[in-house]
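Trainee: Protein sequences appear in the order of chains A and E. When the first sequence is numbered by full-length UniProt numbering, its final residue is 640 and no position is left out of the sequence of numbers. When the second sequence is numbered by full-length UniProt numbering, its final residue is 640 and no position is left out of the sequence of numbers.
Honestly, I wouldn't trust all of these hints.
Note: identical chains are not told apart, hence a pair may lie in one copy or across any two.
To be verified - Result set (DSS-like, lysine-lysine): computed pairs, CA atoms no more than 27 angstroms apart in a straight line: (1) K478 with K575; (2) K354 with K419; (3) K420 with K135; (4) K478 with K354; (5) K409 with K354; (6) K257 with K135; (7) K295 with K397; (8) K354 with K599; (9) K135 with K417; (10) K478 with K412.
What the hints contain is simulated information worked out from the structure, not anything from laboratory work.
2 protein chains.
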Amino acid sequence: MDSDYGVPRELSDLQKKRTLYQPQIPPCLEGTTVRVEFGDGTTAADSAGAHVISHAFPHTFGQPLAHFLRATSKVPNAQIITEHPVIRVGVVFSGRQSPGGHNVIWGLYSAIKIHNNNSVLLGFVGGTEGLFAQKTLEITNEVLSSYKNQGGYDLLGRTVDQIRTTEQVNAAMTSCQALKLDGLVIIGGVTSNTDAAQLAETFAESKCSTKVVGVPVTLNGDLRNQFVEANVGFDTICKVNSQLISNVCTDALSAEKYYYFIRLMGRKASHVALECALQSHPNMVVLGEEVTASKLTLFDITKQISDAVQARAEQDKYHGVVLIPEGLVESIPELYALLQEIHALHGQGISADKISGHLSPWASALFEFLPPFIRRQLLLYPESDDSAQLSQIETEKLLAQLVENELNKRMKEGKYKGKKFNAICHFFGYQARGSLPSKFDCDYAYVLGHICYHVLAAGLNGYMATVTNLKSPVNKWKCGAAPITAMMTVKRWSRGPGANPIGKPAVHPVTVDLKGKAYELLRQNSTSFLFDDIYRNPGPLQFDGPGVDAKVLTLSVEDQDYMGRIKLLQEYLDKVLTLSVEDQDYMGRIKLLQEYLDKVKYIVKPGCSQDVLKAALSAMASVTEVLSVMSTSSNAHGLL
Amino acid sequence: MDSDYGVPRELSDLQKKRTLYQPQIPPCLEGTTVRVEFGDGTTAADSAGAHVISHAFPHTFGQPLAHFLRATSKVPNAQIITEHPVIRVGVVFSGRQSPGGHNVIWGLYSAIKIHNNNSVLLGFVGGTEGLFAQKTLEITNEVLSSYKNQGGYDLLGRTVDQIRTTEQVNAAMTSCQALKLDGLVIIGGVTSNTDAAQLAETFAESKCSTKVVGVPVTLNGDLRNQFVEANVGFDTICKVNSQLISNVCTDALSAEKYYYFIRLMGRKASHVALECALQSHPNMVVLGEEVTASKLTLFDITKQISDAVQARAEQDKYHGVVLIPEGLVESIPELYALLQEIHALHGQGISADKISGHLSPWASALFEFLPPFIRRQLLLYPESDDSAQLSQIETEKLLAQLVENELNKRMKEGKYKGKKFNAICHFFGYQARGSLPSKFDCDYAYVLGHICYHVLAAGLNGYMATVTNLKSPVNKWKCGAAPITAMMTVKRWSRGPGANPIGKPAVHPVTVDLKGKAYELLRQNSTSFLFDDIYRNPGPLQFDGPGVDAKVLTLSVEDQDYMGRIKLLQEYLDKVLTLSVEDQDYMGRIKLLQEYLDKVKYIVKPGCSQDVLKAALSAMASVTEVLSVMSTSSNAHGLL
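One chain only, chain A, in its complex shape:
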C-alpha cells in the first residue's frame, strides 16, 4: 500500500499554480544563524496538577520557554548558534489529516537544507505504523514538488495515530536509534502531542539522543493554550465549511421552504461551529459547550429549536439553517450516559445486536424512544480513544426528526399554526478536510516546520514549535517553542475499560470559552441571526486578489497576547526591583520585598493561567506606576 504515498501527483492548473507559491518566513528565521533566548522555566496552568506533571515528566518538566530572535535584536544573553553539523531528522503524520500538513514538512526540509545541505530529512511512510516499522522516504525537493501548498496527507499517509503503549514507544525508540535520528518531528493534535511529550521523556530517561518536537496541526482548533494561538488547518476548514454553509443559507432564502440541519466537524470542542457561525450567520447554532454548561437534555434542545421555528413561522418564515458540531451527541447528558453503557457492554464483548437487551432500565427506555437509524449508529463500536464514532452518528437527523415530531404535536394541539416543517440534513466533514490549504495555513505550517529545525539546533527536547502574534502579517510573527509539559493539565478519566488511569497528565482539547469574546460576539447577534436572515457568504477560498489574507474571526477577536504579557510582567518585576533598590535605607524591607517578587515570579512562571497572569500584570502595573511616581518626585525634590 505504500506505493500510493509520496508519488508525483497529477495536478490541476490551480494546483500547479499553488505549488509555485513560496511562503514567507519572519525575520527571526532568516539566515543561517539561530539565535535563541531562554525565558523563565515553565510551570503548568493547572497549579494543582503541576506537581503530578513534574513527577510524570522529571526530565522534561519545567524547561524554559525559547524565543527565536532576529539578527538585529539586542539580547545580551541569547544563545547564538552558527555551526550547523549534519543532522538526521524524521517526521511523521499522527492524527487526522489537516490542510497544511504538507507544508510543515516542506518548511522543515527547507530549514534543514539551508543550514546544512548534507543534513537528511526522512519521512515515515504510513504514519505511526511506518515509524514503528522503519519505513521511510527521503524527502527531497523532487519528492516535495507536487505536494507544496497542497492538501491531504498523501505525501506520507497516516495510520493509527498512536505512540502510547510500551510496545509502540519502544518501537519508536528502536527506529530512531536504528536510523540515527537527531530529531523526530510529530505532526498532530492534542493526543499526538501528548504522545510526543511522553516519547521525549522516555528518550531523555533512556539516554536516547533523538530530540522530539511537536507541531500543532489539527483542524479541530482545540490545541490552544498560553503558547499556541492557532492550529494548522483550522483556517482552511472554517473557510471551506463557511462557504458551504453560506451557500445553503442562500439556498434556504431562495425557496423559503426548508430548514437545513448541518453537522460540522468538532468532537470535543465546537470551535469550527463557532467560527463558521460568525462567518456565515446561520439562524441557529447549538454548541456542545453551551449544552454541557447548561446541562441541556435532548428534550430541552428540541424545545429550543422548535420554539425558534415557531417564532419564525409567526413571522411567516419557513426556512432556516441550524448548525451543530458532531460532538454534540456526547454533550447531551442522557445520550452520553447511554453511550457509556453501550461502550461498556462492547468492552464486555457483547455483540451490537444483543446490547439493547443488557441496558439498564432507564437507558433502555431512552434507547427505545430514539428513531431506529440513530439506535443503529449509537451501537457502532467505539473508536480507539473510546469515544463514539461521531462522524457516523447523524445527530442532525435526530434533532430534525424530534423537532418535526414536536411541531406536529403542537399543531395537533392547536399551538403551532404554521406550515408543515421540512428539514434537510447535511454532514460537512470529509469534503473540507482534503482541501487546498488557505494562504494562512500554507504560511503558518511552513513557518512551524522551519521553527522545528531551530528547536533541534538549540538541542531542545519535548517542545512544541510555536508562533504568536498570528493576527499580524507574517513579518511580525514571533517564533518560539514551549515545553509540551507546560501545556498539560491533569484530568480524571473514567471512560471505558481501556481508559487512562485517573490523573494522567495530558494536553487536553480546549473547549469554546463561553466567557470569551468570540462567543460573546455570537450571543450579541443571536437574536438578529435567528430572525433577520442576515446570512453572509464569505465565498470560496481565494488564492489571489484582496481577501486572500482574511483570517478566522476567532483569532482576531480573542485576546491571546499571553506571551507579550509574560514579557511585560518580567519587565515590571525588574523595574520594581530597580526602583526599590534606590531606597537603600531599609535593608530588611528590601529583602522581604525581593521574596515577594520571587514569589510572584514563581506563581507567574510561563505556563500559568491567563487569569493569574492578567491579575499579576494589573497589580504590578499599578505598583510600578506608584513607585515610579514616588521615586521620580522624591528624586526631583531631593526629599529622600
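Given the structure of chain A, go ahead and fit chain E onto it with the hints provided.
Mentor: Frame of chain A, contents of chain E only:
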C-alpha cells in the same frame, strides 16, 4: 414572506468585491441599435414529432432562427431596429435556483435601460405564485446592487415553478394584461421553458400582446440541443462539486481506509456526474445513462462495484471514491418499477404506511429485500412532476450497504481475502446550489439577459435566448434566439395518474450521449481512474488570477457547432444552385435539381438533428467540390 425577497443583503468582503465585477457583452449586443438577421424557418429534431408539434403550436411553430449582428457585419436583409419605444417587461424565476440567475435579471435590466431609460422591468416576487398574484418589485439599480454576480434566487424567490394548468395560464395572462407587459421573461430549465412555449402559443392565440421569452438556466445542464450549448449554473455547480469531490479523494488517499460514495445532483441526466468525474478523476462513476442503456439491475451494479473493490484490494488498496447521480435510482429498472407502483398507490390515496401491503408480489419481495432506511425514503410522496423525491433517497447509502453485504458474503466464501470494507456516504446537493456564480456563469447569464431585450425588440414570441461559440472568449460569442418549439420532441409519458397525455410535445431533458466525446474521454481513462488514483483537484472556485477562465470540459470537448454548420450548409446549397444555373441547356434537369435542393433545405431546416445535418453537409460539400471543379475546368477549357 415576501419581505425577505429583494431586500439589500449584508455582504462579505468577497461578495462586495464581486458586486463590482462588470460582465462583458459581445459586440453584437453593443450600442443602441438592434440588428437581427432571420434564418430559415425551423422544424424539430424529431421529424416524426414535427407534425404533432406543429399542430399543438400552430402560431409559434416553424418560426425562423434569429441572429443578432454586430454593427460592422454586412448582411443586406438584416432588420435594423433603431427606435426603442418605452416597454414594460416582467421577469420570473421558475425552477430550482441555479448560480447566475440574478445576472439574467441584471443583464435584462441593463439592456432595457440602455435602449430606453423610461422602460420598466418588473420582477415577480415569489416565483410563479407571484406571477399569478401580480406581486411585483420594480427592478432598479439600487435593488440590484447587492445581488449582482451573487448566487441564489433571493432577489425574487421561487415557488411552484409551474405555469401549466388552464388556471395558471389564465392567471399569468391576466397578470400580463393587467400590468400591460410587452414581454415576459421566464428563467428556468426544460419544464419551465416548455411552459414558456405553451404560454407564448396561448398568448398568440388569445391576441395577448405580451411576448414570452425563455432563458436556459438550470444547474442540471440538461437543456441542451442544436441551439443551446450550455445552461447557466452548470459551470459553477460542477466547479464547486469537483472541488469537494477532489477534497474527498485527497482525504481517501491520506488515510487509505475508506470508500466514499458520493451522490450528486442530476435527476433525469448525469451531466454533473460526468463533468465532475472528468474534473476530479474519482475511481468510479456510475451514470444513469449507462445503467439505462445496459439495463443494469441493482445486483449488477453492486457486483460491478464489489468487483472493483476486490480488484483494488488485490493491489492492497482499501480506499476509493465512487460517484453516482441522484437520478440513478430511477434508472435501475426494478427500482423504477417499484417506484411506479408506489406512486400509483399514492395516487389512489393510500397512505405511506399502508402501501407496502398493496404492492404486487414481485415489488413486495424487492421492497422487503431493501434496507429499512431506503424503504422509508421510497415511500415518500412524489414531487409535483410525479418523479420520486430524489434528493431524499439515499441511493449512495443503499449501494454502499449492498457492496458491504456482498463483500462480507465473498469473505465468508473465501473469495474476498482483503480487509473489511468501510464506506462513508455523502450527498453533494444544496451546498453548491447557492454558490457565488463562476465568472463564466456571471458572463453567460448577463449576456442572455441582454439578448432577451433584443428578442423583445425584434417582436419575437415563444423564443429562447441563445449564445453559441461559448468555448471562445466573450467577444467571440454569437447571440441569437430560437423558437422553443424547435427544441421540442414528442415522447410517450406513461407515469402516474397526473401524467401528461401520451404524445404531448415538450422540451425534454437531454441525457449524456454515450457516443459523445466527453463520455468517450471518461471511458478511455476509466481503468486508469479505477486503479491508479490519479485524483486531480481543480481547487476552489477562483475569481482572480489565472484559471478564472477555465470552462467545463464537456463544453470544450463536445462538438457543438450546429449553428455554424447550418450556415455553411445554406451557403453550399446556394452555391450548387449558382453553379448549376450556368448549365442552362437542360431546363428540365434544373427544375428537378431545384426540387432536390428544396427537399434538402426542407429536411435540414434549423432544428433538424445534428446527425442529419452532418450527413447533409458532408454530401453537399462533395457535390459542391465536384461541381466547382467541373465548372471551373469547363469554363477554363471552353468545352461547354
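Trainee: For this structure, which hints from the list above don't hold up?
Mentor: Per hint list: 4, 8, 10 violated.
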